[in-house]
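Student: In case you want the letters, here they are:
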Amino acid sequence: GAGVSQSPRYKVAKRGQDVALRCDPISGHVSLFWYQQALGQGPEFLTYFQNEAQLDKSGLPSDRFFAERPEGSVSTLKIQRTQQEDSAVYLCASSFSRPTGELFFGEGSRLTVL
Amino acid sequence: AQSVSQHNHHVILSEAASLELGCNYSYGGTVNLFWYVQYPGQHLQLLLKYFSGDPLVKGIKGFEAEFIKSKFSFNLRKPSVQWSDTAEYFCAVTRSGNTGKLIFGQGTTLQVKP
Chain A
1 GAGVSQSPRY KVAKRGQDVA LRCDPISGHV SLFWYQQALG QGPEFLTYFQ
51 NEAQLDKSGL PSDRFFAERP EGSVSTLKIQ RTQQEDSAVY LCASSFSRPT
101 GELFFGEGSR LTVL
Chain B
1 AQSVSQHNHH VILSEAASLE LGCNYSYGGT VNLFWYVQYP GQHLQLLLKY
51 FSGDPLVKGI KGFEAEFIKS KFSFNLRKPS VQWSDTAEYF CAVTRSGNTG
101 KLIFGQGTTL QVKP
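From first to last, the protein sequence lines stand for chains A and B. For reference, each letter of the first sequence is one residue, going 1 to 114 in my numbering. For reference, each letter of the second sequence is one residue, going 1 to 114 in my numbering.
If you are wondering where the hints come from, they were derived from the structure by calculation, not from laboratory data. Ideal Cβ positions, reconstructed from N, Cα and C, are used throughout, including at glycine. There's no promise every hint is true.
If you want a taste of the chain A side facing chain B, the calculated C-beta under 7 angstroms gives, among others [claimed, not checked]:
#: 1; residue: A38
#: 2; residue: Q41
#: 3; residue: P43
#: 4; residue: G101
#: 5; residue: E102
#: 6; residue: F105
Here are the computed distance ranges between Cβ atoms for each label pair [what the hints assert, rightly or not]:
#: 7; chain 1: A; residue 1: D18; chain 2: B; residue 2: K71; range: 41 to 49 angstroms
#: 8; chain 1: B; residue 1: K69; chain 2: A; residue 2: P61; range: 30 to 38 angstroms
#: 9; chain 1: B; residue 1: K69; chain 2: A; residue 2: L55; range: 43 to 51 angstroms
#: 10; chain 1: B; residue 1: H9; chain 2: A; residue 2: S58; range: 42 to 50 angstroms
#: 11; chain 1: B; residue 1: S96; chain 2: A; residue 2: P61; range: 40 to 48 angstroms
#: 12; chain 1: A; residue 1: S62; chain 2: B; residue 2: K69; range: 34 to 42 angstroms
#: 13; chain 1: B; residue 1: G53; chain 2: A; residue 2: A53; range: 40 to 48 angstroms
#: 14; chain 1: A; residue 1: G59; chain 2: B; residue 2: H9; range: 37 to 45 angstroms
Straight-line C-alpha distance at most 35 angstroms; calculated DSBU-like pairs for lysine-lysine [stated by the list, open to error]:
#: 15; chain 1: A; residue 1: K11; chain 2: B; residue 2: K71
#: 16; chain 1: B; residue 1: K113; chain 2: A; residue 2: K57
#: 17; chain 1: A; residue 1: K11; chain 2: B; residue 2: K58
#: 18; chain 1: B; residue 1: K58; chain 2: A; residue 2: K78
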């Protein structure tokens with residue numbers, strides 16, 4: 001499709017389970033971002049890739065969170081040993097080249113940890 | 001640390017009323033400023049942006065925003081709202097030259113009554 005695609009759209013996990021969230025950016029977009037949006041809050045930055053290089057991971061809340069983009073296209077955000085506080089919408093966004101703040105967002109993956 | 005504050009969390013207007021949503025940021029350096037909008041059931045999308053130049057910027061659907069540097073503000077305005085403007089609005093900022101990381105406000109939900 002023409003937009004940023006994320007899957008799954010909804011994920012329910014039991015506490016302690018590992019989850020993987022996938023992002024397929026717009027074709028040709030070299031920059032890719034992950035944001036976390038808690039209920040009633042604005043998105044919060046997690047990490048940023050330029051092609052396959054992870055240039056900024058300062059927003060990852062703990063070492064349970066890991067992101068990769070091995071071929072510079074599709075990206076996966078992995079959360080190990082999920083906790084209830086990980087419940088949120090995880091947004092992926094991409095931009096064509098050097099990021100300017102103009103991002104194209106996906107619809108998000110809503111994670112609920114029971 | 002940078003932060004963005006949106007004064008109104010929930011705004012209810014009748015059609016044809018004028019709209020102003022407040023946004024203040026805390027960062028003393030040069031910034032790029034954005035308003036993003038999320039219509040019900042849709043992804044976040046860019047409404048308008050300010051990088052430099054004329055502090056009054058115009059976006060899609062008749063929206064405009066004014067950057068007032070002395071007040072660290074970037075308020076969003078529309079002279080006459082429509083029912084289709086019902087959405088959540090997010091103000092965001094990034095430092096010029098470090099545009100990989102958007103800092104978002106917590107959002108304002110606008111409900112327009114027909």
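Student: Sort out which numbered hints this structure fails and list those numbers smallest first.
Tutor: Hints 1, 9, 10, 11, 13, 14, 15, 16, 17, 18 are the ones this structure does not satisfy, whereas the remaining hints hold.
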